[in-house]
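Chemist: What follows is each chain in one-letter form.
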Amino acid sequence: MTVGQSRTQTVVVERDFAHPLERVWRALTQPELMEDWLMKSDFRLEIDHRFHFQAEWGEIDCKVMEIEPQRSLTYTWSAFDVETVVTFTLEQIETGTRLRMEQSGFHADQKHAFRGAESGWAAFFHILEQTLENY
Amino acid sequence: MMLQNDNLFKSLGDPTRRRVFEHLCLEGDQTVRALTERAGVSQPAVSKHLVVLKEAGLVVGKQRGRETLYSARSDALRPLIEWADQMTSFWEARFDRLDDVLKRMDQ
Chain U
1 MTVGQSRTQT VVVERDFAHP LERVWRALTQ PELMEDWLMK SDFRLEIDHR FHFQAEWGEI
61 DCKVMEIEPQ RSLTYTWSAF DVETVVTFTL EQIETGTRLR MEQSGFHADQ KHAFRGAESG
121 WAAFFHILEQ TLENY
Chain A
1 MMLQNDNLFK SLGDPTRRRV FEHLCLEGDQ TVRALTERAG VSQPAVSKHL VVLKEAGLVV
61 GKQRGRETLY SARSDALRPL IEWADQMTSF WEARFDRLDD VLKRMDQ
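Line by line, the protein sequences give chains U and A. Going by the working numbering, the first residue of the first sequence is number 1, and it counts up by one from there. Going by the working numbering, the first residue of the second sequence is number 1, and it counts up by one from there.
The set of hints was computed from the structure by calculation and includes no laboratory data. Since we're looking at a predicted model, the values are computed, not measured. Check each hint, because a few of them may be wrong.
If the Cβ cut is set under 10 angstroms, some of the chain U residues that face chain A in the computed set are [claimed, not checked]:
1) R26
2) L28
3) W37
4) R44
5) L45
6) E46
7) I47
8) F51
9) M65
10) E83
11) T84
12) I93
Derived DSSO-like pairs: lysine-lysine, alpha-carbon spacing no greater than 27 angstroms straight-line [unchecked claim]:
13) U:K40 <-> A:K48
14) A:K48 <-> A:K10
15) U:K63 <-> A:K48
16) A:K62 <-> A:K10
17) U:K40 <-> U:K63
18) A:K62 <-> A:K48
A short list of chain A residues far from chain U (calculated; beta carbon distances all over 12 angstroms) [stated by the list, open to error]:
19) T36
20) Q43
21) Q63
22) Q86
23) T88
24) E92
25) R94
26) K103
27) R104
28) M105
Ideal placement from N, C-alpha and C gives every residue a C-beta, glycine not left out.
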């Protein structure tokens, strides 16, 4: 079995929407609109703002990390003690807006990694990939 | 997007533990002593990490004489891969709904 490194390490979903970028940005950042497609939350477009998404199965703890108006938005996403980071990137294209969602895993321990990048998740999945190939 | 195997994620969330597990994946069966030499933490610390890894089903120990040999069960990682698949489906479905919201905003 071969496990694609990018698939396991990061979840990426990208789609082109036939709508202006400004509208997509609003849908990503206004709680009343977010509720309609994502989940109910007490989100505010403000660095370091802590908020929760209310999922049917429980709460997701989040914190706004980065804001680049009309370009990108990053927040942490912790559920079941697993911290991931979600980044939305918007790009204007001829037909509207290209939206990319990237959810990368386990951000928390990047900060206090035991031996820096070599023990990060990227390296880990690389090893995992090699190991699973032998099965 | 439920995480069926909560333990697995928690146990691998710790970098030292992940390193121990990586080492077992790469080098095959190891004793606590050999693992301690590589981990850069004390032997009791390594033993504690091994207990957690065993509970998550990532590591098994077998007795050889006076020592226990530990080995990795990398097939226990499948839930991690399944998690990525589940998250992908989750976001795909949410993007469908986003498209509806955007259409409505147009009106």
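Chemist: None of the hints should be skipped; say for each whether it holds.
Modeler: A quick look at each hint next to the structure:
no.: 1; hint: R26; verdict: holds, 7 angstroms
no.: 2; hint: L28; verdict: holds, 8 angstroms
no.: 3; hint: W37; verdict: holds, 4 angstroms
no.: 4; hint: R44; verdict: violated, 19 angstroms
no.: 5; hint: L45; verdict: violated, 17 angstroms
no.: 6; hint: E46; verdict: violated, 22 angstroms
no.: 7; hint: I47; verdict: violated, 24 angstroms
no.: 8; hint: F51; verdict: violated, 17 angstroms
no.: 9; hint: M65; verdict: violated, 18 angstroms
no.: 10; hint: E83; verdict: holds, 8 angstroms
no.: 11; hint: T84; verdict: holds, 8 angstroms
no.: 12; hint: I93; verdict: violated, 14 angstroms
no.: 13; hint: U:K40 <-> A:K48; verdict: violated, 40 angstroms
no.: 14; hint: A:K48 <-> A:K10; verdict: holds, 14 angstroms
no.: 15; hint: U:K63 <-> A:K48; verdict: violated, 32 angstroms
no.: 16; hint: A:K62 <-> A:K10; verdict: holds, 24 angstroms
no.: 17; hint: U:K40 <-> U:K63; verdict: holds, 15 angstroms
no.: 18; hint: A:K62 <-> A:K48; verdict: holds, 16 angstroms
no.: 19; hint: T36; verdict: holds, 14 angstroms
no.: 20; hint: Q43; verdict: holds, 17 angstroms
no.: 21; hint: Q63; verdict: holds, 24 angstroms
no.: 22; hint: Q86; verdict: violated, 9 angstroms
no.: 23; hint: T88; verdict: violated, 5 angstroms
no.: 24; hint: E92; verdict: violated, 6 angstroms
no.: 25; hint: R94; verdict: violated, 6 angstroms
no.: 26; hint: K103; verdict: violated, 8 angstroms
no.: 27; hint: R104; verdict: violated, 8 angstroms
no.: 28; hint: M105; verdict: violated, 6 angstroms
Consistency with the previously given hints fails for numbers 4, 5, 6, 7, 8, 9, 12, 13, 15, 22, 23, 24, 25, 26, 27 and 28, ordered from lowest to highest.
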